[in-house]
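Using the sequences and the accompanying hints, generate a full structural model.
Listed here are the chains, written in short residue letters.
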Amino acid sequence: MNIRRRIVTVVSLFAIGAIAVVLWAPTVGSTSISLAKAFDRSIPWEENVDAQIFFVARLPRVLSGAIVGAALAAAGVVLQAMLRNPLATPFTLGVSAGGALGAMLAIAFGLEVGMMGVSSIPIASFAGSLLAIGIVYWLASSQKRGLSTNVLLLAGVTLNSFFSAVILFVQYMSDFTQSFRTVRWLMGDLDVGNYSPIIAALPFIVVAFGVFAVLPRTLNLLTLGEDVAAARGVEVVRAQRLAFLSASLATGAAVSLGGPIGFIGIVVPHLVRLMVGSDHRIVLPAATLFGAAFTVGCDLAARTIMAPLELPVGIITALIGGPFFLWLLVKKS
Amino acid sequence: MTKRPNTKATKVTKAFLLALLLFVVFVPFVLAFQRPQRIISLVPALTEMLYAVGAGPQVVAVSSYDEYPPEVKALPRVGALLDPDTERIIALKPDLVITYGSQVDLQAQMKRAIIPTFDYRHAGLAHILVTMTELGVRTGHGAEAEQAVAAIEARLAAVRARVAGKRRPKTLLVFSREPKTLRNIYVSGGRGFLHDMLEIAGGDDVFKDLDKESVQVSTETILARAPDVILELRPEEIPLGQPMQDELASWSRLASVPAVRNKQVLFISGHAVTVPGPRVAESVERMAKALHP
Amino acid sequence: MGKSLIQARETPGRRRAVLSAEQVSFRYAPDGPLVVDGVSVRLAEGALVGILGPNGSGKTTLLRLLSGTRRPSSGRVMLGDQPLDRLSRRDVARRIAVVPQETELAFEYSAIEIVLMGRHPHLGVFTVEGPEDIRIARDALAATGTTHLADRPFHELSGGEKQRIVIAAALAQSAALLLLDEPTASLDLGYQLEVSSLLRRLNQDHGVTMAISTHDLNLAAAICRELILMRDGRVLAAGPTEEVLTPENVRRLYDVEADVHVHSETGHLTVVPVRRVAR
Numbered sequence: 002m003n004i005r006r007r008i009v010t011v012v013s014l015f016a017i018g019a020i021a022v023v024l025w026a027p028t029v030g031s032t033s034i035s036l037a038k039a040f041d042r043s044i045p046w047e048e049n050v051d052a053q054i055f056f057v058a059r060l061p062r063v064l065s066g067a068i069v070g071a072a073l074a075a076a077g078v079v080l081q082a083m084l085r086n087p088l089a090t091p092f093t094l095g096v097s098a099g100g101a102l103g104a105m106l107a108i109a110f111g112l113e114v115g116m117m118g119v120s121s122i123p124i125a126s127f128a129g130s131l132l133a134i135g136i137v138y139w140l141a142s143s144q145k146r147g148l149s150t151n152v153l154l155l156a157g158v159t160l161n162s163f164f165s166a167v168i169l170f171v172q173y174m175s176d177f178t179q180s181f182r183t184v185r186w187l188m189g190d191l192d193v194g195n196y197s198p199i200i201a202a203l204p205f206i207v208v209a210f211g212v213f214a215v216l217p218r219t220l221n222l223l224t225l226g227e228d229v230a231a232a233r234g235v236e237v238v239r240a241q242r243l244a245f246l247s248a249s250l251a252t253g254a255a256v257s258l259g260g261p262i263g264f265i266g267i268v269v270p271h272l273v274r275l276m277v278g279s280d281h282r283i284v285l286p287a288a289t290l291f292g293a294a295f296t297v298g299c300d301l302a303a304r305t306i307m308a309p310l311e312l313p314v315g316i317i318t319a320l321i322g323g324p325f326f327l328w329l330l331v332k333k334s
Numbered sequence: 078m079t080k081r082p083n084t085k086a087t088k089v090t091k092a093f094l095l096a097l098l099l100f101v102v103f104v105p106f107v108l109a110f111q112r113p114q115r116i117i118s119l120v121p122a123l124t125e126m127l128y129a130v131g132a133g134p135q136v137v138a139v140s141s142y143d144e145y146p147p148e149v150k151a152l153p154r155v156g157a158l159l160d161p162d163t164e165r166i167i168a169l170k171p172d173l174v175i176t177y178g179s180q181v182d183l184q185a186q187m188k189r190a191i192i193p194t195f196d197y198r199h200a201g202l203a204h205i206l207v208t209m210t211e212l213g214v215r216t217g218h219g220a221e222a223e224q225a226v227a228a229i230e231a232r233l234a235a236v237r238a239r240v241a242g243k244r245r246p247k248t249l250l251v252f253s254r255e256p257k258t259l260r261n262i263y264v265s266g267g268r269g270f271l272h273d274m275l276e277i278a279g280g281d282d283v284f285k286d287l288d289k290e291s292v293q294v295s296t297e298t299i300l301a302r303a304p305d306v307i308l309e310l311r312p313e314e315i316p317l318g319q320p321m322q323d324e325l326a327s328w329s330r331l332a333s334v335p336a337v338r339n340k341q342v343l344f345i346s347g348h349a350v351t352v353p354g355p356r357v358a359e360s361v362e363r364m365a366k367a368l369h370p
Numbered sequence: 002m003g004k005s006l007i008q009a010r011e012t013p014g015r016r017r018a019v020l021s022a023e024q025v026s027f028r029y030a031p032d033g034p035l036v037v038d039g040v041s042v043r044l045a046e047g048a049l050v051g052i053l054g055p056n057g058s059g060k061t062t063l064l065r066l067l068s069g070t071r072r073p074s075s076g077r078v079m080l081g082d083q084p085l086d087r088l089s090r091r092d093v094a095r096r097i098a099v100v101p102q103e104t105e106l107a108f109e110y111s112a113i114e115i116v117l118m119g120r121h122p123h124l125g126v127f128t129v130e131g132p133e134d135i136r137i138a139r140d141a142l143a144a145t146g147t148t149h150l151a152d153r154p155f156h157e158l159s160g161g162e163k164q165r166i167v168i169a170a171a172l173a174q175s176a177a178l179l180l181l182d183e184p185t186a187s188l189d190l191g192y193q194l195e196v197s198s199l200l201r202r203l204n205q206d207h208g209v210t211m212a213i214s215t216h217d218l219n220l221a222a223a224i225c226r227e228l229i230l231m232r233d234g235r236v237l238a239a240g241p242t243e244e245v246l247t248p249e250n251v252r253r254l255y256d257v258e259a260d261v262h263v264h265s266e267t268g269h270l271t272v273v274p275v276r277r278v279a280r
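These protein sequence lines map, in sequence, to chains S, X and B. Numbers 2 to 334, taken from my numbering, label the letters of the first sequence in order. Numbers 78 to 370, taken from my numbering, label the letters of the second sequence in order. Numbers 2 to 280, taken from my numbering, label the letters of the third sequence in order.
Please keep in mind that the hints were generated in silico from the structure rather than gathered at the bench. Keep in mind the model is a prediction, meaning the values are calculated, not measured. Be aware that one or more of the hints could be misleading.
[Claimed, not checked] To be clear about the criterion: a stretch of chain S counts as covered by chain B if any three or more of its residues have a C-beta under 8 Å from a C-beta of chain B, and this derived list gives those stretches:
id, stretch
1, 3 to 10
2, 82 to 92
3, 213 to 225
4, 229 to 242
5, 278 to 286
Think of the CB as a built atom: it goes at the ideal place given N, C-alpha and C, for glycine as much as any other residue.
Okay, structure coming up:
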């Protein structure tokens, strides 16, 4: 029984799969392009349609999909472990509701807070997420015993309801076009057409993953129960703080980049656990890689199934996620 | 003895003249009872039509989004498509309410209150002119409506004539996108009055093969379709200088699109352009001027 | 079962693992009742102490205070000559292992994975369990007679099997102090005997200091050399088993009249309840 070898082998397999998907995805789409032409440096940039489609339309899209998928899947794994609840999602604790409210306010009031090539909506959305994180954290920390997961859950669910109500109110007050644009944003969209939003979101995701890297074995212990974990040497409050903050940061950045794409944060962790067991030292990296591949794949389907029309990527993830859960329920009972 | 036959004829003539007089005096009253005097319009396009056919003085209230003509700014507001204020509408005692075809609840309530409605359904450009004629008849301004419609048709014909024979550029008609980026781009498809306007103005809608009024398109599809001209419709005028540069900068990322290469990214501003009403002629003229200077 | 199970990692300058509570009190809510009220406990090295009392007497809470998962509202707990709250959880976990009453898993793990988690306090953040850790885990399984269950999913095991795995996980921690909360509660008679003798062996042959919270009087009488009787958060009596386990004390503790005498074959006290009495 060589644990290190098992971890390395399984994660490597997932890495190979994910890299393959990410490399293949930009080469296919609703328009057929010639890769040879796309990489032909001798053709001037303004005349090279194939290169433009590859580098301006598809590549940023695939990269966004990979980053959003990786972040949401990893955040899902971490939160499920911390809350000891397989039904937790990255959106359970109110982060995406805050992001949605920020985006909505930017759309409804035409806020102009864009900077460095990133438009207002992602920035406002991220600010909204930070606000939600702050409120939930403050509420849950005000208990004497440090971070209580019960209060965390309650605060998150309450914030979700409250923000949803405010969102409905803002939608009601907006005109028709704005209303429609918010509804559309809520379905998720990875067609960024630009590398700036990706670069803007990347530092936060890198920081979050830096914290994820030290959590896995601690997460294993946390799932046994707070007292048991503490008795085995885990600084429970500190671990929960790190888990909550890093997962929420990753979620906020992902939502600001691609909108609140649902089901990734819950389908991918479950699928991965079914495949590799519950040791988070394998589950966390594997889910990250699988989440990236899964999202890129769903976006590929979204942009080719009904070409030239496009489906919002959130619909594809929902169409896959819904039946998957039904199947899970049936299998378990 | 010569007067008797004259008296009989005179009596008949007098009776006839009296009847004629009464008829001439009373008919306007009768007609006035048929012509609605208190009109409420929930559809901004139809409000414009009302004023264009001369029914302006009969309008007593408009929707929350009405802006044109300037006279409507002083009028009370009664909500819009999603939130019509039924109480307020009834309180204003209208004798005609103009609704959207989809506002079935409101129509049912008006029926119960015995208030006649004129239900408008959205369609292409031809339908705008048909609606204007119908509205004219309904409000007792049939003749003026005919004249107004004829004038619009003449202007459209003039545009058609001017651009006939000229090369029709492949045009991307954008009516919505996220500011300063290329996300959530909505363009005109093969149906609807925007498409019709573009066709008359001498442009070839690059998405006319899609049988939809509005299409959300990706950067890839725009690159693939390579339009010669990009016409963006904006509610407000974009100031020259940095703001205009920023707007053009978003499109410049699609460097291979002919419209970008040949600096054919054009803006048409003002709410008039997206209202399917009488100002359609003006909008078509502006489009034609942009496409064929 | 070799000596290496417990003394696998010789920490340089290893101190005598004495655990003591000095006048500790605890309440869960700021204005709630005192669940533990002015209790003092002293575990000498190599002791095997039983904590007895009815439900609600504060036994479990006392164990929590002793293991450091709760801080006392007043008084303090000392591990050796250091206050418990000054030590990091890792340091404490290397010296004290806890066997909880129940283990609820949110996710599926195999038995050996659970046992290996006991090695956590000995591993660095990025360290993966090596052959030595795996050997310790397997020895722990062997000690509790659960080697054949190693690769079975934990949630498929019976109550008794689960309990033995949890004990094995605590053993894998290689701590010199073991705190157990109702260790034989869900075990068959046969396994009760096995676990009791395992605990006694660990204590006598390997010097593991133990405190066992239980309401099984006979178990306590069988293996514990000292007893602490608790009622309503206070210590009723404490001392060597023969002195403390008297009919008088049983009545004070449980409101039950009982017969207490030495069993001829096993040589330790047995308690047979006779009837209830009024308070």
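- Message: Can you tell me if the stretch 278 to 286 of chain S counts as covered by chain B, using C-beta to C-beta distances under 8 Å and a minimum of three residues?
- Response: The restraint on the stretch 278 to 286 of chain S holds, since 4 of its residues have a Cβ under 8 Å from chain B and three suffice.
- Message: Can you tell me if the stretch 82 to 92 of chain S counts as covered by chain B, using C-beta to C-beta distances under 8 Å and a minimum of three residues?
- Response: It holds: at least three residues are needed, and the stretch 82 to 92 of chain S offers 4 whose Cβ sits within less than 8 Å of chain B.
- Item | Proximity test - 8 Å, beta-carbon atoms, the stretch 213 to 225 of chain S to chain B, at least three hits | holds (count 6)
- Check whether three or more residues of the stretch 229 to 242 of chain S sit with their beta carbon closer than 8 Å to a beta carbon of chain B. Three-residue rule met by the stretch 229 to 242 of chain S, so holds; n is 8.
- Report holds or violated for chain B covering the stretch 3 to 10 of chain S, Cβ cut-off 8 Å, minimum 3 residues. holds (count 3)
Hint check: no violations occur; every hint is consistent with the structure.
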